[in-house]
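Once you have looked at the hints, place chain B on chain A.
2 protein chains.
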Amino acid sequence: MKNYAIGIDLGGTKIEVAIVDSDGQIVDSARTPTGNGRDADAVISKIAGLVKQLTEKHKDEKVIAAGIGIAGQVESNSGIVKYAPNLEWHNVKLCEELSGQLNLPVTVNNDVKAAMYGEWKFGAGKGCSDLVCVFVGTGIGGGIVSNGEIMHGYHNTAGEVGHMTIDLHGPVCHCGNRGCFEALAGGWAIERDAREAVQANKDSGNLLLELANGDVEKISGEVIATALKEGNALATSIMDKVAEALVAGTTSIVNAIGPQKLILGGGIMEGMPQLIKHIEEGVKKFALKAATASLEVVPAALHNKAGVIGAAMMSLTHFEKINHNK
Amino acid sequence: MKNYAIGIDLGGTKIEVAIVDSDGQIVDSARTPTGNGRDADAVISKIAGLVKQLTEKHKDEKVIAAGIGIAGQVESNSGIVKYAPNLEWHNVKLCEELSGQLNLPVTVNNDVKAAMYGEWKFGAGKGCSDLVCVFVGTGIGGGIVSNGEIMHGYHNTAGEVGHMTIDLHGPVCHCGNRGCFEALAGGWAIERDAREAVQANKDSGNLLLELANGDVEKISGEVIATALKEGNALATSIMDKVAEALVAGTTSIVNAIGPQKLILGGGIMEGMPQLIKHIEEGVKKFALKAATASLEVVPAALHNKAGVIGAAMMSLTHFEKINHNK
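In order, the protein sequences belong to chains A and B. Here the numbering used here is used: the first residue of the first sequence is 53, the next is one more, and so on. Here the numbering used here is used: the first residue of the second sequence is 53, the next is one more, and so on.
Rather than coming from a laboratory, the hints here were simulated on the basis of the structure. Any given hint could turn out to be false.
Stretches of chain B that chain A covers, calculated by requiring three or more beta carbons in the stretch to come under 8 Å of a beta carbon on chain A [said to hold, decoys possible]:
(1) 72-79
(2) 203-217
(3) 309-321
To spell it out: a stretch of chain B is covered by chain A in this simulated footprint if at least three of its residues, at any positions, have a beta carbon under 8 Å from a beta carbon of chain A; those stretches are [claimed, not checked]:
(4) 88-99
(5) 244-254
Distance condition first, Cα-Cα at most 25 Å in a straight line; then the derived BS3-like pairs of lysine-lysine [stated by the list, open to error]:
(6) K145/B / K341/A
(7) K145/B / K104/B
(8) K145/B / K134/A
(9) K178/A / K329/A
Since we're looking at a predicted model, the values are computed, not measured. Backbone N, C-alpha and C define an ideal beta-carbon position, used for all residues, glycine too.
So that you can see chain A by itself, here it is in the shape it has in the complex:
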């Protein structure tokens, strides 16, 4: 009989929950807005309610565990969320609380690590023992698999590739440092560049402003992608700079880590998939020849489901191993 696990993707704006089977296939899923994220108890109860609705609906599936991915810093053994900036959580005992309410064993991981695990085991990285995932969304996150093992780092922070410095005198990043990869190529940086350019020159920014209904603050990644498709000069020049930064950042990663596969995902990559070919060509041109001999640069395969699938499978694998060793 197959085992099943619950996967939970907890973000600042929405909660997604899914029942996943041991082959990484989603049986059913549900989502709801996060609401007031700061109220940890309310968020945890909301998650538990959503999970119970799903498990009630699928009584025949044997759910043995639940896994959650959260945008923040997680203490690996305790499952305590040390800090989640989007939700303004500090030291929330997420594992203990959720496990109690669900009456299931629970694993808690960083959301990017969960998504990377999903891509590794069931997506673009299947069967690969040395890979790096780079997710370019609002920010840039990543994960590293080396010699068949997830790289956690001593402080459980390994894979924070969005905060690799690629322009030491570059723009200030949200982290306080300068010239981080995500401060040049993350979604928030692209929007910043577009808004600044439009404010500096309303003529060249005409189309972007129009697509944003005349509100500079509404110039989003989607707006820029639309203008780009129409061949708009300003959008093209902004994205040329972003593409250059993406090549520099991924080249840096390939040189330092030496993966077999570089997997590229996240909202920006999904919205502008032509970037992937550009990055592949750039990395193969600029990275060390020895490091790119048989490097594959590929798009992520699980799209916005990588998080729930990965979180579910991390917990399923973890608790199946524990049960097996009993």
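Quick look at chain B alone, frame taken from chain A:
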């Protein structure tokens, strides 16, 4: 009875050979100029001769293996040197040749990886399971230990931290890319900056030129270090920029890899040890707080012996394991 191994450090200018005991202690060592490096047969015979002199002298020590570290790209299983730029070697069967001449089993590794192994097992990284070594010499090399294992990468190139991009519009690197860590903070880049500054302004470059006996091409790291000690303004301004680049590069490494220890070695660090404190303060200021919670930034402990000790111990460990499994 103790086992011993031969460690060999093969560089572009000199060959160093040592007998090392299983505690990582050097019993005796010898060195000779590399001579015409391009003649691989001659270099290998020279190494074999030097090793035989040492083993003759220490007949009572049971030497069970030899390990060599070479500046270049090594195929891990075969011990073939794919490419060694300093020696202009391509596809040299170093393991096979040397093993035949020495009548000993031989391991071949990249020299930086060997030095990192030495520091990890017998130097500043003893007992640590997550560390990064950064060696700042003429270039910048490095090595990564993650979760108690050396990180090799799929192409055996992991740890090439000297070619992480830290200034995407920066100076051209020897590798062909722009703004690599070593193109801003490696010994060759420091000399380039000093020579350019002296040529641009002979007045401010007066002391540097004098210390180099009036020959711009002789402005070396030692010359700059001497001028720095005398409080020379140009040397200070050059090294301020280098220090800034060292902070950016190591911050990038700490964010991406998340080690417990950052070990700093190499000629530049040995010559200007005050840089280590500066890097520690910079990394703790600019890297992610979660990644530096208990990070230690420490100087390498084995100095220019890390290479021979590491190469010897990699072979000793490798062949003891094989013998044990027989």
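Evaluated hints:
1. 72-79: violated (count 0)
2. 203-217: holds (count 14)
3. 309-321: Satisfied; 4 residues make the cut.
4. 88-99: Violated: only 0 residues of the segment 88-99 of chain B have a Cβ under 8 Å from chain A.
5. 244-254: violated (count 0)
6. K145/B / K341/A: Between K145/B and K341/A the Cα gap is close to 20 Å, so the pair holds against 25 Å.
7. K145/B / K104/B: Holds: K145/B and K104/B sit about 20 Å apart, inside 25 Å.
8. K145/B / K134/A: The given pair, whose Cα atoms are some 52 Å apart, is violated under the 25 Å limit.
9. K178/A / K329/A: holds, 21 Å
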